[in-house]
Structure formats: structure tokens, C-alpha cells
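K.L.:
Spelled out, the chains give:
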Amino acid sequence: MARSGKFWKTESTFAYLLLLPALIFLIVFMFYPIIYVFFMSFFKVNKLAELVSFSGLANYSYMFSKPEFWQIIIRSCVWTALAVAAKTIIGLIIALLLNVDFRGRKIARTLTIIPWASSVPISAMIWQWTYNNDFGLLNYTLQSLGIMSSPPIWLAYPRSAFFACLWVDIWCGIPFMALVFLAGLQAIPQELYEAAEVDGAGSLAKFRSVTLPLLSGVLTIATLLSILWTFNDFNVIYILTTGGPGTSTDILITYIYKYAFQYLRFGPAAAMAVITFAILLVVSIIYARSYFKRGEIL
Amino acid sequence: MKKKNFNYYLVYPAIIFILVVLLFPFLVMISTALKPLEEVYATPPHWIPQNFTLANFSDVWFKYPLGTYFKNSLIVAVGTTVLNTILCIPAAYAVARLRFRAKSFIMYLFLIVQMFSPVIVVISLFKIIARLGLLNNLLSLIFTNGVFTLAFAIWLLSGYFSSVPKEIEEAALIDGCSRMQSVVRVLLPVAMPGVITTVIYTFITAWNEFMFALTFITSMDKRPLTLGLYNFVGRWTVQWQYLMAAAILALIPVVVLFMFIERDLVKGLAGGAVKG
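As given, the protein sequences belong to chains A and B, one line each in that order. The numbering used here puts the first residue of the first sequence at 1, with every later residue one more than the last. The numbering used here puts the first residue of the second sequence at 1, with every later residue one more than the last.
Next comes chain B alone, as it looks inside the complex:
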């Protein structure tokens, strides 16, 4: 049992202060989303809504194309995830289980590639997307998000595959399974938490992406959430209570999903440095 000295009680005020600072904009978001228009533009502003309202949530859904934005984000995020998973599982298997000459080079490459800013390539990517006829098409976002999450996804998943003992699959092979069967029936079920982590990581990254959408999407009915809300600020300048209500709705799914994978992300990014 740890002794509770003076320092122990000092932790609370410090932690509370830090949490207030870290959650400050979210408190602002909630406060604004629950206020009617007149209160949003009251001077001086106040924290607690006096005429508490939930109308912003229904307004933003029915008067503005938030539903369309949600649908587009969902298409992009699911599409990216499906594409990424199909490419990622065989590649991660190869890296984790097979011997080949270029392995360390490829792993090294994957680790470096995930650090490149999409802005570096967006200029030429724009031309490629245009030539493929994919401008203002959600497929452009599925491809570009897919490629920018691929390296880290392979990296994460191969780590999981390596942590599954080889002997389990070898036993399946001896029992007459084909290699394919040993992967589908034995390795994947055991490594399922890793697959789920990879899927969530890809989904969240695609859901949150902004720069590619800003560049490739031109019409309103194709905008994903991030771009839709960004244009919200420009077009309906005065309606901050709507933007905040929309932000709450857009953030809830990703924040909840993120909580499931945050430990794996930390481990995957920092590698052996945080083993344990």
C-alpha cells in the first residue's frame, strides 16, 4: 500500500487544472450547442445556457445537409477500411511469417513512409486523380486515405501476427489444412484484436481526413463531414450553435472508437520503447 503523503493530495488540484485546460474547447462546444441563437450572441457571453435547448441538434440535421455529410464520411471511412484490410492482411502475413530478402528494407520503408505529409504529394496526386476521372468522386478519398494509412496498418497488424505463436498454424498444417485455411481459420481468429485495431485506426483516420477532401471534392453533395463543417463556417457564418451541435455528433463515434485502440497505437508508434 502506498502511503498517502502531502504530494498525494496535491495531485488532485493539478489534475483538475490540467483537465479543465484540455477539455476547455469541448466545454465551449457543449455550452454553445445547447444555447438558442440569442444567447450565443449575447455579450458578455456566459457558460450555462439560460434557455436550454436541443433544437440545434434537430435543426442541423433537418435544415442543413448534415445527413449527406455523415453518409459521405461513412462511405469514405468504410471504403478505405475495406480496401486497406484487403491489402493489409496478406502483406502483414508476409512480413510476419515469411522469409524474404527485402524484408528489413520493406519494414524500414513502411515505417518511414507513414511520416510523409500528404501535402508533399497532393500536387501530383491531384493530376493523377484528375486523369483517372475521380475528381469530385468519393473514390478519390478512398484511394488516397487508403494509401496514407496502409503503411502503418501493415506495421500494426504484422506486429500482432508475429505475437501469435507459429506452432498453432503449423499444427493446423500438419492436420491437413492448406496454408490459406491455416490463416483464415487459425491465425486470423487468434489475431482478431489486432485486425480490429487496424480497422478502427483506418476508419478513424479516413473519417477525420480534411486536406484531400478540400482538394478533390468540389460539390456540396459529395462533402464528407470535416469539409462540410469547414464550409459551414464560411457559408452560414453566424450559426456557431449549429456547428457546435454538428461537431458533437461528428465527434462521438470517433472518440468512442479511439478509446478502444489508444493503447495499441501508443505501442505501435513507440515500439519496443514502451514494452510491458
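The shape of chain A in the complex, shown without the other chains:
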């Protein structure tokens, strides 16, 4: 701006100085590792994670030629799409309910938060026990309420294990969605609803013409965040099934980990990490853009 050149210079030097410790830390433990993984993906790597020789695109072509890898890519997409859709819809329903002014609303809101407040790895362990076929209370309850007469042995078969993991991921993500939407709903001015009522709009019309359009900003940003988190969900799958039976419940993120630390095949794991990084980068840039469009922090 219209500041004197010298002051501007010292002020910005001071700013960089203050940022330096944090940046050094980020460089050493995040940017350098990312670059190193990128580098690694073009090398033959031994079981001790040491680089042996340059191998060009061999790691990539190895992964791309594996049908299993493509299955996992598809599964990661299905996983993310289904979970995000479910979280968004259920979250929106809960937010609409919590937006009604009823007695006990505060308590209901607090209780809704608990799955988010809880530690994901520990929740996953609790769910593992809940899913237990012989002694777990889930199948017992489903049976005794007559919801399912013969519920599956959830974690034993590929399909049911996938949905069991998917549900735990959804369950973890619902509270955040509900709370963001609730905050969004409460920011909608009451006059708009009154105006719509004067125009003779019913509940559904009010929802369509007032609530949804005004919620679209929150909806976009929450959905993008949810996509990133769901795609990155390591804990739920690793703890519930370790991607098993076989690799039938693996998504990209758990598959990379298994490839590296169970199979000790660091080269292909690095190649997959680079691919995943590229996917995440694109989505997070979209997130950052919509964040800055709404926010006024800068």
C-alpha cells in the first residue's frame, strides 16, 4: 500500500522470520517427504526402503497392469461417493430436526456430537466388537427387533465387510455434517421464511426456495471436506478388517500402507502415493477456492 519502502521491507522480513520455524518444520516433515516419495516412485526400492536403481515408470506400469489396483481405485470412488452422499443426507435431516425449537434440543445436539468427539480408532474397535456375530449386540438387537431375521457375519465376507466399514465411516462423519448444516441453517434470516409464507409457500416450497439455495455454500464446502476425509479414512478400515478378507475392503489409502509396511514393496507403494497425492491435491484446491470465495479472512 502507501507505506514507505523501508518499513514495508522490515515488516515483511519480520513476518518471514516469524513464519520460519513453522515453515522449516513443514519442509522437513512434510514437503521433503512428499518430494522424496515422488522420487522413490521412479526407483527400484528394496525391502529396507533403500533406493536400488532408477527404474523409470516401472512402478507405475506395474500397478496399472494389476487388475486388483483398478478394483481398488473403483472401490475407493464407490466408498467415497456412497459415504459422502449418506453423510450429507443424514446430516441434513439431523440439522433440520435440530433446527426445530423443541425442549431438550441442547442435550440432543450435544449427544449428536459424541461420535465426532470420540477417537476414530477407538470407535472402530468398539464397532468391531459390536459387529461380533456370536456375542455382539448389533445382530442380537437386529434379530430381536425383527429388523433382520438372519443378519450376516458382518466382517467375514467381502460385501458385508465393505458395508460394515462403510457404515462406521458414515457414522463417524454424520455429526460434522449435521453441525455445519445446523450452523448454516441458523444463519438464514427468519424474515426470508416469513416473506415466503406471505407469498403462500408451504413447508416444502420454503425448503426448496429458501433453505436449499442459502445453504448451498455450506453444502459445497462441507461436501468437499467430507470427500477428502472419507477418501483418506485409514483408521476405520485398517482396524475393522485390515482391508480383508484378502484385499476385498481395501481402499487406496489402506492399500498403500499394506503395500509398504506389510508386503515391504515400497516402490509400487510410492507410485500409488503419488497418484493419491495428485487426486487429493485437485480436490483440496477446489476446497480452498470455495473456502476463499466465502471467507473474508484475507
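Calculated from the structure, these hints are not laboratory results. Keep in mind that the hints are not guaranteed to be accurate.
Computed list of lysine-lysine pairs in DSS-like fashion (alpha-carbon distance at most 30 Å, straight line) [said to hold, decoys possible]:
| no. | chain 1 | residue 1 | chain 2 | residue 2 |
| --- | --- | --- | --- | --- |
| 1 | A | K293 | B | K127 |
| 2 | A | K106 | B | K267 |
| 3 | A | K47 | A | K258 |
| 4 | B | K127 | A | K258 |
| 5 | A | K44 | B | K127 |
| 6 | A | K293 | B | K166 |
| 7 | A | K293 | A | K206 |
| 8 | B | K267 | A | K206 |
| 9 | A | K66 | B | K267 |
| 10 | A | K258 | B | K71 |
| 11 | B | K267 | A | K293 |
| 12 | B | K127 | A | K47 |
| 13 | B | K103 | B | K267 |
Computed footprint of chain B on chain A, listed as stretches where at least three residues anywhere in the stretch have a Cβ under 8 Å from a Cβ of chain B [what the hints assert, rightly or not]:
| no. | region |
| --- | --- |
| 14 | 28–38 |
| 15 | 105–118 |
| 16 | 125–137 |
| 17 | 165–175 |
| 18 | 210–222 |
| 19 | 232–243 |
| 20 | 278–285 |
Under 7 Å between C-beta atoms, here's a sample of chain B residues computed to sit facing chain A [said to hold, decoys possible]:
| no. | residue |
| --- | --- |
| 21 | V11 |
| 22 | P13 |
| 23 | A14 |
| 24 | L22 |
| 25 | V28 |
| 26 | F100 |
| 27 | K127 |
| 28 | V147 |
| 29 | N208 |
| 30 | M211 |
| 31 | W240 |
| 32 | L251 |
| 33 | F258 |
The beta carbon of each residue, even a glycine, is placed where N, CA and C say it ideally should be.
Using the hints, position chain B against chain A.
P.N.:
Chain B alone, transformed into the frame defined by chain A:
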């Protein structure tokens, strides 16, 4: 006053249904933690313990190394928080208060960086940690958790700093305070709720972390809670009542702390979209 129509009374059954679904595993956890072994393995299972017991809580504490796990988690969470706060306050101050060319780039970078999965870098991080001689050392978890919470912590805190009017510090400067004094004596006390939110956020994230611990920690006496309990499932396969008792003890502190910051987290993550 809102009119109480038919819809109003429909809210209760819906909310109760949702809460039962959301709290289902926690009900299972409590039920199991209060049962003696024979009841845990009764078929068919039942919800209400018939021979109610609290022995699992003392057993898990005295017969199993839960105390060690707690201590390790505490070391990691406190260490991460201290490290993070030291790095975060100056950086957030710079972003909130100073002008510099790369500011929007850096803010953009911080926002994107918090979305990266640790799994992407864990392969090379493993090598770095090994080279630093930090494998099976709690410092490895303090560093890695620190870096993965740093970007969002700076982001949260700088938002708080920006919301404090600049004039307060300028007045302090005019009164003869140094810049350092204006920050320590004026800005930080006013922005204290923000500092506390950032501290709690970092503490909880480090407390809950699992993947780095799984990768870097090899010996039992260094395991934090999440990893300790995970290995519990493998080693003492049959003792679910102990795991559930341990889970209750491990969850209480984080769930309580989380309730203090949940509104700030929602605001910080969704930005201007939920202003108000």
C-alpha cells in the same frame, strides 16, 4: 413464540431414533464394560448386566499396562501441543498482523496442506525418522503429529488474532510497549479463547492418532493408547470387557475436551460459509 403443530411432536421420535443409532456402539461399550466375563460370552447376548461389576476397570488398570499407555499418550499429546503452540503463535501473528508478499500463497498452502493424508508421506517419513534415530521413540510421534496439526492450528489461531482489533495493540505500542510486549501482554490475553481452542485441537488430534504410532512404535512400553488398545484386541483376544472398560477411560478426556471446541472447529473448517 413458535406454534406447536403436529410436526413439532414428530421431532421427538425422529430425534430419539437418530440418537439411539448414533450412540449405539457407546451403549454396547458401557454394557460390556460392566459385565463379568461369563456374561460377555453368553449366547444370546443381553443388554443389561445381570451381575453388574466394576472390576473390569480396576483389572484393566492393574493387570494390564493401561497406565503406561495413558502416560505415553499424555507425553505425546502434551509434547505435540507444546511444540505446536511455540511454532504456531508467531506464525499466526505474522499471518494475521503483518503485510508480506507471499501471504495469500502461504494461507492457501496451509489450507491445502491440512488435507493431505499422512499415509502419503509415511513411507518416506519412516526413513527420515529412522535416520534421525527416532524409531520407537515418542519424539517421532510428537514431530509427526506436530507437523500434521500445524497448518490447521495456524489457520485457526490467525483467525482469532485477526478478530482482535488492531487498535488495542497500537495503543500499547504508543504507551511504550515493545512489539513483543504488545503481543504477550495485550494480544494473547485477549485472544486466549483462540489459543485454548488451538491447544485442545492439537491435544485431541495427537491423543487420537493411530497410524504413525502403528508405524514408528515397536515396543510395548512405548505404545500410546490407540495402539495399545489395538494390540489388546490381537493379544488378549477374548477380553472384550477389558477393552471396553479401557475405551471408556480413554474416551472420557477427549470427548469432554472436544465439547469445548466443536463450534470453533466447525467455523474454522467451513469458513465464511457459516458466519454468524
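K.L.:
Does each hint hold? Answer for all of them.
P.N.:
Now the hints, each set against the structure:
1. A/K293 <-> B/K127: violated (39 Å)
2. A/K106 <-> B/K267: holds (19 Å)
3. A/K47 <-> A/K258: holds (13 Å)
4. B/K127 <-> A/K258: Status holds; Cα separation ~16 Å.
5. A/K44 <-> B/K127: holds (16 Å)
6. A/K293 <-> B/K166: holds (24 Å)
7. A/K293 <-> A/K206: With Cα atoms ~26 Å apart, A/K293 and A/K206 stay inside 30 Å; holds.
8. B/K267 <-> A/K206: This hinted pair holds, its Cα atoms lying about 26 Å apart.
9. A/K66 <-> B/K267: violated (43 Å)
10. A/K258 <-> B/K71: holds (29 Å)
11. B/K267 <-> A/K293: holds (15 Å)
12. B/K127 <-> A/K47: holds (12 Å)
13. B/K103 <-> B/K267: Distance of about 21 Å is within 30 Å: holds.
14. 28–38: holds (count 8)
15. 105–118: holds (count 10)
16. 125–137: Contact hint for the region 125–137 of chain A vs chain B: holds, 11 residues under 8 Å.
17. 165–175: holds (count 3)
18. 210–222: holds (count 5)
19. 232–243: holds (count 5)
20. 278–285: holds (count 5)
21. V11: Holds, about 5 Å.
22. P13: violated (10 Å)
23. A14: holds (6 Å)
24. L22: holds (6 Å)
25. V28: Since the shortest Cβ distance to chain A is 5 Å, the answer is holds.
26. F100: Constraint on B/F100 satisfied, holds at 4 Å.
27. K127: holds (5 Å)
28. V147: holds (4 Å)
29. N208: holds (4 Å)
30. M211: Where the cut-off is 7 Å and the nearest Cβ of chain A is about 5 Å from B/M211, the hint holds.
31. W240: With Cβ-Cβ at 5 Å, under 7 Å, it holds.
32. L251: B/L251 check passes; min Cβ-Cβ to chain A is 6 Å, inside 7 Å.
33. F258: Status holds, d = 4 Å.
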